[in-house]
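> Okay, here's what each chain looks like letter by letter:
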Amino acid sequence: MSTNGNKATPTSHATEQGAVPNGIKLPIYMDNHATTPMDPRVLEEMLPYFMEKFGNAASRNHPFGWAAEEAVELSRERIAELIGATAKEIVFTSGATESDNLAIKGVAEMYREKGNHIITAVTEHKAVLDTCKHLEKLGFRVTYLPVQKDGLIDLDDLKRSMDDKTILVTIMAANNEIGVVQPIAEIGKLCRERGVIFHTDAVQAIGKIPMDVNKMNIDVASITGHKLYGPKGAGALYVRRKNPRVQLVPMIDGGGHERGMRSGTLNVPGIVGLGKACAIAQEEMAQESCKMAGLRNRLKDSIMSRLDETYINGSTEHRLPGNLNISFAYVEGESLLMGINDIAVSSGSACTSATLEPSYVLKALGTGDDLAHSSIRFGIGRFNTEAEVDYVADRVVETVQRLRELSPLYEMAKEGVDLKSVKWAAEAH
Amino acid sequence: MSYSEKVIDHYNHPRNVGSMDKASADVGTGLVGAPECGDVMKLQIKVNPQTNVIEDAKFKTFGCGSAIASSSLATEWVKGKTIHEALEIKNTEIVKELALPPVKIHCSVLAEDAIRAAIGDWKKKQDATKPAEMQAR
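Chains A and B supply the protein sequences, listed in that same order.
The opening residue of the first sequence carries number 1 in this note's numbering; numbering runs sequentially from there.
The opening residue of the second sequence carries number 1 in this note's numbering; numbering runs sequentially from there.
Isolated chain B (complex conformation) (with noise of 0.2 Å):
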C-alpha cells in the first residue's frame, strides 16, 4: 500500500483536530462509520446563525491513514463555507486532492457522509429551536 503525499501529510499533521460542545445550538455533529469496520468519523462544524457559514470544524478519527486524510482534508473544505456550500462538497473531490487508489474510496465516501451528517444534526437544532412561523416559511 502506497500512499500519496498529500495522505501522509495529513496523516503526520492532521489539521482540526479535537471535539466541540455537542450540546451547543450552534455546533452540528455528525458520526459515522462503524468500529467493525474499521472506520468512524466524528465531524463538528459550527455555525454561524444569521450567516449560516461554517466557521469552525473539528475531527476526530478511528480509521486508516486515508480516512484520517479524508476528514481532516474535510474540516479544512468546510470552514468558511456556507452550510449550502458545504453540501455541494463531493466525495470525488476528495479522491482527488488526495490520489485515493480505488480500495480507498471509501473513505472519501464516509467523509462526505460526516459532513451531511453534522449538517443534518445542526438543521435539526435550528429547526427545534426556530420559531414556528419560521419553519412554514
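Chain A with its partners taken away, still in its complex shape (with noise of 0.2 Å):
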C-alpha cells in the first residue's frame, strides 16, 4: 500500500482553519496495520535489557547471563499464553516476514520426501506469496486459493485442492489490507483431518482477536512485536510440539539456538517487549476490540452518512475490529490522502507504488481496477480516540466532496454516462 508521506510542509488545513478540536495532536496516526506505536509499558519493561541486563541468553555460566535467559524465557511463557501454546513451542524471530519465510520454506523442505504441493491464497502477504513463488522454481508446485466478493476463500476451494502430495496449507488469520478474518477453525480442521500442515500468518490476528493454536488446529503460526504495540524487529515463529510434532529445516545455521530452528544471538530487549506486549494483550484484548470496533462503526458511519457512492472492501462481518477500507468513487487515492495530510493513513492506489498497479488484494475481491484506485485503508489503533475519528471522518469527507467537484467521472455520473461503456483513450499507460 501506498502511505500518506507527503514531505512537503504540509498546509494543514486545520490551522490554515485556525480550528483543531481540542484533545487531537495533528498529524493523526490511524495506519496501525502498517505498524503501531508502542506501548510506554512495554519500552519501560524492555529499558533495562539495554544496559544493566545486557547479557548474552546463551552465555550458561554467569548471572549475565542468566538474567537473559530469564527474561526471555518469561516471554516465551507470555507469547504462549496468549495462543494457547507451550513455552516450547515458541521460536523467536526478527519479525513476520523471517517467521513467514521459516514456517514456509522450513516445513516445505522437511516434508519434501512426502510431498511437494502448497496451498495458500491470492491475498496473503508478499512474505508469503513471494516464498512460495521461490518454491516453485525449486520444484514445488503451489495453489493459490481465489477469493469470494467478501475477501474469503471458500473451503470447498480448499477441499478440492487438496490431494496426496499436499504437505502445507498456509492462510493468514486476518488480512493486512481489508481485515477480513479467514475461517481458521475451519481450515485447522480440514488440515487435521488430512494430516496436512497448517501455518497462518497471524501478525495482525493476534492480540486483536482471539487466537488458540489448539482449538483451531494450528500447527505453525507467525508472530511480530510492531502490529501489537510492542518493538520492532522481534518476532516468533509458534511451531507445534506434540500431536503432530512439526519439524522446520532452519533457514538460519549457526550455534544452535532456539532448539536449532534459528540461530543467532537472541534480542534480548526486543523479545522482553514482544513478550509484555503480548501480557497486555491479553489482558486487555476483550475490552479493547470492543472499543475498536464502536470506533470503526462510528468512523464508518460518519463518513457513509455523508458521502454517496461510498463502498467498503471486504465482510464487515469477519473483520478486525480497528480495520476500515473504504472505496470513495470518482475520486483518486492518493489525491485524497494528499487532501488529508495531517492524518496517516493508507491507500491501494497505485499511483505511489513501483508498479503502477492498485492493491492486489482489492482486484482479488474482484474491485474493480478504478474503486481499487479510490481506497482508502483506515487502521485504528489502542491510542486513538473519539475525537480524532470525528476529526479524520469530517476531513474525510470535506476532501472527497472537493474532489469530486473536480472530478470528470462524478460529472459524468450525474449526468447519467454510463463510465463502463466510454471509450477511454488512455495513451499515457
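FYI, nobody ran anything at the bench for these hints, they're computed from the structure.
Being a predicted model, the structure only gives us computed values, none of them experimental.
You may find that some hints are simply not true.
Claimed, not checked - EDC-like, lysine to aspartate or glutamate: derived pairs with alpha carbons at most 20 Å apart: (1) 420/A with 253/A; (2) 123/B with 309/A; (3) 58/B with 309/A; (4) 22/B with 418/A; (5) 414/A with 21/B; (6) 22/B with 309/A; (7) 58/B with 186/A; (8) 22/B with 405/A; (9) 58/B with 411/A; (10) 149/A with 36/B; (11) 124/B with 21/B; (12) 423/A with 36/B.
Bring the two chains, given one by one in their own frames, into a single complex with the hints.
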C-alpha cells in the first residue's frame, strides 16, 4: 500500500482554518496495520535490558546470562499463553517476514519426500506469496486459492485443492489491507483430518482477536511485535511440538539457538518487549476490541452517512475490529491522501507504488481497478480517540466532496453517463 | 512521495476548474486517460474563431495530485495562446515547471494529450461548419 507521506511542508487544513478540536494533536496516526506505536508499558519493561541486563541469553555460566535467559523464558511463556501454546513451542525470529519464510521454506524442505504441493491464497502478504514463488522455482507446486467477493476463501475450494502430495496449507488469519478474518478453525480442522501441516500468518490477528492454536488446529503461526504495540525487529514462530510434532529445516545455521531452528544471539530487549506486549493483549484484548469496533463503526457511519457511492471492501462481519477499508468512487486515492495530509492512513491506489498497479488484494475481491485506485485503509489502534475519529471523518468527507467537484467522472456519472460504456483513450499507460 | 511546492499549490488552489458547453461550436473538449489507470483529464478550450486565440480554458481531473496540478497548469498556459502556439506546449515543460519526479511523468504526458485532444475536437467542429471551399484552400 502507498502511505500518506507528503514530505513537503503540509499546509495543514486545521491550522489554515485555525480550528483543531480540543484534545487532538496533529498529525493523527491511523495506520495501525502498517505498524503500531509502542505501548509505554512495553518500553518500560524493555529498558533495563539495554544497559544493566545486557547479557547474552546463551551464556550459561554467569548471572548476566542467567538474567537475560530468565527474561527470554518469561516472554516465551507470555506469548504462548496468548495463543494457547506451551513455551517450548515458541521460536524467536526477527519479525513476520522471517517467521513466514522459516515456516514455509522450513516445512517444504523438511517434508519434501512426503509431497511437493503447497496451498495458499491470492490475498496473502508478499512475505508468503514471494516465498511460495521461490519454492515453485525449486520444483514445488503451489495452488493460489482465489477469494470470494467478501475476501474469504471458499472451504470447498480448499478441500478440492488438497491431494495426496499436499504437505502445507498457509492461509493468513487476518488480512493486512482489508482486515478480513479467514475461517481459521475450519481450515485447521480440514488440514488436521488430512494430515496436512497448517501455517497461518497471524501477525494482524494476534492480540486483536482470540487465537488458540489447539482449538483452531494451527501447527505453525507467525507473530510479530510491532503490530501489537511492541517493538520492531522482534518476532516469533509458533511450532507445534505434539499431535503432530512439526519439524522445520532452519534457514539460518549457526550456534543452534532456539532448538536449532533459528540460530543467532537472541534480541533480548526486543523479546522482552514482544512478551510484555502479549501480556498486555492477554489482559486487555476483550475490552479493547470492543472499543476498537466502536470507534471503527463510528468512523464508518460518520463517513458513509454523508457521502454517496462509498463502498466497504471485504466482509463487514468477519473482520478485525480496528479495520476500515473504503473506496470513494470518482476520487483517486493518492489525491485524497494529499488532501488529508494531517492524517496518516494508506491507499490501495497505484499512484505511488513502483509498479503503478493498484492493490492486488482489492483486485482479488473483484473490485474494479477504478475503485481499487479510490480506496483508503483506516487502521484504528489502541491510542486513537473518539475526537480523532470525528476529526478524521470530517476531513475525509470534505476532501472527497472537494475532489468530486474536481472529478470529470463524478460529473459524467451525475449527467447519467455510464462510465463503463465510455471508450477511454488511455495513451499515457 | 514528496510533492513540490508548485504541485501542492495547484492541488490546494486549482486554477480554472469547471466545465463549458461541449456542444458549442467555439468549445473544444479533450477527455483523456482511463478510470482503471487512475487518471482521467477533461480539458476544454473556448477559441475565438476570428483570431484562433484560446480565450478561456477549464479542466476537471480524476487522478493524483500531480495529475491535478499538470492539468491545472495546462489551462493556465493555453489561455491567451493561439491554437498553433498551444500545440507547441511540451510535456517536458510541465515536468520542469512542476518538478515532477520520473514516476509522475505520465501525468504531464496526459496533460499534453488533453491539450491536443481539445484542439483536435475544436478543429473538427470548425471544419464541419466551414464552407467547402474554405477547407480546400
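> Compare the structure with each hint and give your call.
Status of each hint after checking the structure:
1. Using a Cα cut-off of 20 Å, the hinted pair residue 420/A and residue 253/A is violated, with the two alpha carbons roughly 55 Å apart.
2. Between residue 123/B and residue 309/A, the direct Cα distance comes to roughly 37 Å. Violation of the 20 Å bound is thereby established for this hinted pair.
3. Distance hint between residue 58/B and residue 309/A is unfulfilled; the C-alpha atoms sit about 26 Å from each other, more than 20 Å.
4. Pair hint residue 22/B plus residue 418/A holds up; C-alpha atoms about 18 Å apart against a cutoff of 20 Å.
5. For the hint pairing residue 414/A with residue 21/B, the CA-to-CA distance comes to about 16 Å; that is within 20 Å, so the pair holds.
6. Only pairs whose Cα atoms come within 20 Å are accepted, and residue 22/B paired with residue 309/A is rejected, the gap being roughly 26 Å.
7. Taking the CA atoms of residue 58/B and residue 186/A, the gap is about 57 Å. The hint is violated against a cut of 20 Å.
8. A distance of roughly 18 Å separates the Cα atoms of residue 22/B and residue 405/A; the hinted pair therefore holds under the 20 Å criterion.
9. Among the hinted pairs, residue 58/B with residue 411/A is consistent with the structure: their alpha-carbon atoms are about 14 Å apart, no more than 20 Å.
10. Proposed proximity of residue 149/A and residue 36/B is supported: the alpha carbons are some 19 Å apart, at most 20 Å.
11. For the proposed pair residue 124/B and residue 21/B, the alpha carbon gap of about 16 Å is at most 20 Å, so the pair holds.
12. Taken as a hint, the residue 423/A and residue 36/B pair is honoured in the structure, with Cα atoms around 12 Å apart against an allowance of 20 Å.
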